[in-house]
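> Listed below are the residues making up each chain.
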Amino acid sequence: MTIGRMALELARVAAALARGLARAAARLVRRAGLPSVLLVLAVVPLAAQAPEHPDSAASDSVAPAVRTRVTGYLEHQFSASRSRGRWTQLDHDRLRADLVARAGRGVWLEAAAVWQLYRGDTRVRLRDHLPASVAAGVDTTSLVIEDRHFVNHAYLVLSPGGVEITAGKQYLTWGAAWVFNPTELFRPKDLFEPTYEREGVGALSARLPLGALSDVLVAYVPDGPFRTSGKVARARHHVAGFDVSALAAAVYEQPAATPAGAASAPSRRLVLGGDLSGEVLGLGVWAEGTWNDFAGDRWAEATLGGNYTLPDRTLLLVEGYFNGWGRPGDPYPAAAWLARLAGERRSLGRFVAYVAANRPVREVWRLGVGALVNPGDGSAALVPSVAWEFAENVELIANGLVSIGADGTEYGRGGVGGFVRGRVYF
Amino acid sequence: MTSTRMTVGLVALALACARAGSAQVTAREVLERLDANMTIRTVRMRAELIVHYRGGDDRTMTFESWERGTDQSFLEFTSPARDAGSRFLRQGDAMWIYLPRVGKSVRIQGHMLRQGFMGSDFSYGDASENPSMANDYDAVIERRDTVDGRQVVVLSLTARRPNLSYSRRRTWVDTERWVPLREELFAASGRLLKTMTLSDVRRLADRWYPFRIELDDALQTETTTTFRVLEMRLGVAVPSEVFTLRYLESGR
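These protein sequence lines are chains A and B, in that order. Take the first sequence: its position 217, counting from 1, is numbered 217 in the numbering used here, and each next residue is one higher. Take the second sequence: its position 155, counting from 1, is numbered 155 in the numbering used here, and each next residue is one higher.
Honestly, the hints are just simulated from the structure, not real lab data. Careful, some of the hints might be misleading.
Subject to a maximum C-alpha distance of 35 Å in a straight line, what follows is the list of computed DSBU-like cross-link-like pairs (lysine-lysine) [said to hold, decoys possible]:
id	chain 1	residue 1	chain 2	residue 2
1	A	K169	A	K231
2	A	K231	B	K104
3	B	K104	A	K169
All values reported here derive from a predicted model rather than from experimental measurement.
Construct the entire structure; sequences and hints are all you get.
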């Protein structure tokens, strides 16, 4: 895509946003009446003009510099995998543009647009990702990976009276664990690349700071009618050297599709949980857990982990994950496979361990290896990786994937594969 | 050098009163003078971190930082594009990093503090630890010497508590300006871990500051790192909310 087309695309997005705002304003006027709207419009500029830092009046320049910043990157990735005796390839270009802008004192805008273009085997057969015993009964329809143009996040932040209100597609990501985050409700991590970026969530949230390291956040995540929209409350505190948080949420999820493809109505999932991170005997440790109630099922999830750095700067990570929803071993039911494939559940097994080692090697290289292990069915996935900081704003990453285990086990059917990714930042 | 007296541990290194009269000072008095002079109420700084690779390549990162007292620091990288928007918060011994493209803050804890700070020879531990030299180390004067033509006293320091990053230090302190000009940092085993050289000492108000620090990590043999202050202001008003998790995650 050329710069000109990018500009055109941005202009179209801006125009669509403007039309959306105009429609929303019209709806607001119809529902709330003009006086209420005028009141809101009057308050926003007042909030915007209020000093952000009453105790910094002596010097406006002492606060971190306020600026409009445009950054981004261009990424190219080639991936290939072999499963069930068949090689597939998938190639993508991804262009991301990030914007941070101050609209006035106490009013901020952050947004990022992503264009992602795919080539190669874009038709994915679901049965290739399921064990033979399950695939036989699954709809043979293929999933087509299409080019995507989307807003990764776009939100407005207002800070009236100490409360921070964020409206729009925003980051609602939580959890102290490295890979398995039971408290992550909306955008689960890619277990094979847990540090890869994730999309925001359309929401309205308010955060009330209660000291430097404590706050309370409430978020409303519109999804269908009010009844089925997500509601989340989270509080966090720093005490005795530990970061501690508690979370309560009600989100609506589609129960896992049946093998026949029958859809069912969304059901409420209640989640109570929290996390903790800190240091014990010099080791970095973390714990995270939830209790869940969903469509008649009740289960707990918990993660416990720690890290250790050897004198040569090799970083070791270990994490154990308990999933009360999972099974002690294979075979796993078809619905479980589909739920996991859809990213609704983090594991099929009841216990999964993650171990990883990572170290810098020769200037700008970094070598790593991670492993997901399901001791219940004896399967594992090995993920070796090499990262090369090719230049100041250029990085190359190569990741592999080797599956170990029999067909029908959690990680045993992935075959072998990997990707090479180059990214240039601007 | 009191290496961790830098913004987010990287800056504001040891300094001392401009007053001289050092000939008869004891080792403890030297440490007390260093500590006394490093107790800066607030500082704002713009600086760069340059990682030099043995192959001849350099990586330059620029950041802005704010510090209040000895326990609160906030730092934001402004370049290169790859790192712009990455932010760090330190409150006491606790440290967090905010990753802008993930939209999440992460606690840096335990042994992860030994990892290189943004790939440099400085570790996160260097950045988060802020010992009181007089309280945390016992010192003896090894000898008197000269460094770059300046009179120095060479101190041998031994940690008083076990959880400090460096169990032993050897520090060359300029006895006229009370600025450390060189420091060697050791593990408990006696192994040399890092060597630091401080230069470009400038006077700010009634203090002397090293504006340039060269760091060589003996275990990270492929690199050396230069820390260079581009701009420094003392006594600025820094709002309390800068040193909060909310600020770390929003940058405003």
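> Within 35 Å, alpha carbon to alpha carbon, are K169 (chain A) and K231 (chain A)?
holds, 15 Å
> Check the hint pairing K231 (chain A) with K104 (chain B) against an upper bound of 35 Å on the C-alpha distance.
Between K231 (chain A) and K104 (chain B) the Cα gap is close to 20 Å, so the pair holds against 35 Å.
> Between K104 (chain B) and K169 (chain A), is the straight-line Cα distance small enough, at 35 Å or below?
holds, 15 Å
Hint violations for this structure: none, all hints satisfied.
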